[in-house]
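Work out the full structure, taking the sequences as your base and the hints as a guide.
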Amino acid sequence: MSDDSTENAKSMSIIVTKGSLDWAYPPFILGTTAAAMDMKVTMFFTFYGLALLKKKLNLKFTTLGNPAMEMPMMGGHMAMPNLLSVMPGVGGAAGKMMKNLMKQKGVASIEDLREASVDLEIRMIACQMTLDLFEYTTDDMIDGIELGGAATYMEVASKSDINLFI
Amino acid sequence: MAVHELNAEGLNCPLPILKAKKMLKGLAAGDVLKIRSTDPGSVADFSAFCTHTGNKLLSSSSEGDVYLFEIERV
Numbered sequence: 004m005s006d007d008s009t010e011n012a013k014s015m016s017i018i019v020t021k022g023s024l025d026w027a028y029p030p031f032i033l034g035t036t037a038a039a040m041d042m043k044v045t046m047f048f049t050f051y052g053l054a055l056l057k058k059k060l061n062l063k064f065t066t067l068g069n070p071a072m073e074m075p076m077m078g079g080h081m082a083m084p085n086l087l088s089v090m091p092g093v094g095g096a097a098g099k100m101m102k103n104l105m106k107q108k109g110v111a112s113i114e115d116l117r118e119a120s121v122d123l124e125i126r127m128i129a130c131q132m133t134l135d136l137f138e139y140t141t142d143d144m145i146d147g148i149e150l151g152g153a154a155t156y157m158e159v160a161s162k163s164d165i166n167l168f169i
Numbered sequence: 664m665a666v667h668e669l670n671a672e673g674l675n676c677p678l679p680i681l682k683a684k685k686m687l688k689g690l691a692a693g694d695v696l697k698i699r700s701t702d703p704g705s706v707a708d709f710s711a712f713c714t715h716t717g718n719k720l721l722s723s724s725s726e727g728d729v730y731l732f733e734i735e736r737v
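Protein chains in written order, with this note's numbering: chain Z, 4 to 169; chain H, 664 to 737.
Hints may contain errors.
Stated by the list, open to error - Straight-line C-alpha distance at most 27 Å; calculated DSS-like pairs for lysine-lysine:
id: 1; chain 1: H; residue 1: K719; chain 2: Z; residue 2: K59
id: 2; chain 1: H; residue 1: K682; chain 2: Z; residue 2: K59
id: 3; chain 1: H; residue 1: K697; chain 2: Z; residue 2: K59
id: 4; chain 1: H; residue 1: K682; chain 2: Z; residue 2: K13
id: 5; chain 1: Z; residue 1: K106; chain 2: H; residue 2: K685
id: 6; chain 1: Z; residue 1: K162; chain 2: Z; residue 2: K108
id: 7; chain 1: Z; residue 1: K13; chain 2: Z; residue 2: K63
id: 8; chain 1: H; residue 1: K682; chain 2: Z; residue 2: K106
id: 9; chain 1: Z; residue 1: K59; chain 2: Z; residue 2: K13
id: 10; chain 1: Z; residue 1: K108; chain 2: H; residue 2: K682
id: 11; chain 1: Z; residue 1: K106; chain 2: Z; residue 2: K21
id: 12; chain 1: H; residue 1: K685; chain 2: Z; residue 2: K58
id: 13; chain 1: H; residue 1: K682; chain 2: Z; residue 2: K102
id: 14; chain 1: Z; residue 1: K108; chain 2: H; residue 2: K697
id: 15; chain 1: H; residue 1: K688; chain 2: H; residue 2: K719
id: 16; chain 1: Z; residue 1: K58; chain 2: H; residue 2: K697
id: 17; chain 1: Z; residue 1: K106; chain 2: Z; residue 2: K58
id: 18; chain 1: Z; residue 1: K102; chain 2: Z; residue 2: K57
id: 19; chain 1: Z; residue 1: K106; chain 2: H; residue 2: K719
Said to hold, decoys possible - Here are a few chain Z residues that sit away from chain H, every Cβ distance over 12 Å (derived from the structure):
id: 20; residue: K13
id: 21; residue: A38
id: 22; residue: K57
id: 23; residue: A71
id: 24; residue: M90
Don't read these hints as lab results, they were simulated from the structure. For glycine and all other residues, C-beta sits at the position ideal for the given N, C-alpha and C.
Structure below.
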């Protein structure tokens, strides 16, 4: 970016720990927006958050254990009982329903937001330990990411104005 | 001074901001970007965006369900 190189530019770091469809949104929305506001942004992907760096995203979400989740339906709202989630196909159907709803409401896809993150030069660090633990290599991940560990994150965080854990 | 236009109708947070930023980047200082949005949240968001980035929010208005913004690139 042309106008963010000033020394007083603000900075933000985010630890991304979750990889479901719904939880993928907050880090990518805040990260891209901060970068668009000329902040220097670093995202550290660890544990299930690492899935958000995979070349092919196949994000799902579960209705299980989420009593606050209500889907708009026929002018009202329908809660998703836990019991529903054990029925075959319900998880997939809920995911599809959510993606359709998002498209209809003009909400960006995670793929689009991730692409925007690359365009906005967000520094994306994959947790080396998590890669080892879940047996992934950088070949499974998108290009342009870095590898690092807790010390790498702490070094960034100690200099950032905003540090989030999501 | 050139005037550019961005139609962000139908897009939800944070897309109007991201698209505006992308266009502003390519503009010369003094150029104006006119934006149309249908996201009610964009009223507060473009104001915050301009305050933080230093770009000038020349106007913020609405026409029916459409919100109109004029931003001058610094």
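Status of each hint after checking the structure:
no., hint, verdict
1, K719/H x K59/Z, "violated, 40 Å"
2, K682/H x K59/Z, "holds, 24 Å"
3, K697/H x K59/Z, "violated, 36 Å"
4, K682/H x K13/Z, "holds, 21 Å"
5, K106/Z x K685/H, "holds, 21 Å"
6, K162/Z x K108/Z, "violated, 37 Å"
7, K13/Z x K63/Z, "violated, 33 Å"
8, K682/H x K106/Z, "holds, 17 Å"
9, K59/Z x K13/Z, "violated, 32 Å"
10, K108/Z x K682/H, "holds, 17 Å"
11, K106/Z x K21/Z, "holds, 22 Å"
12, K685/H x K58/Z, "holds, 24 Å"
13, K682/H x K102/Z, "holds, 21 Å"
14, K108/Z x K697/H, "holds, 23 Å"
15, K688/H x K719/H, "holds, 14 Å"
16, K58/Z x K697/H, "violated, 36 Å"
17, K106/Z x K58/Z, "holds, 21 Å"
18, K102/Z x K57/Z, "holds, 19 Å"
19, K106/Z x K719/H, "violated, 31 Å"
20, K13, "violated, 8 Å"
21, A38, "violated, 8 Å"
22, K57, "holds, 22 Å"
23, A71, "holds, 20 Å"
24, M90, "holds, 31 Å"
Hint check: violations occur at hints 1, 3, 6, 7, 9, 16, 19, 20 and 21; the rest are consistent with the structure.
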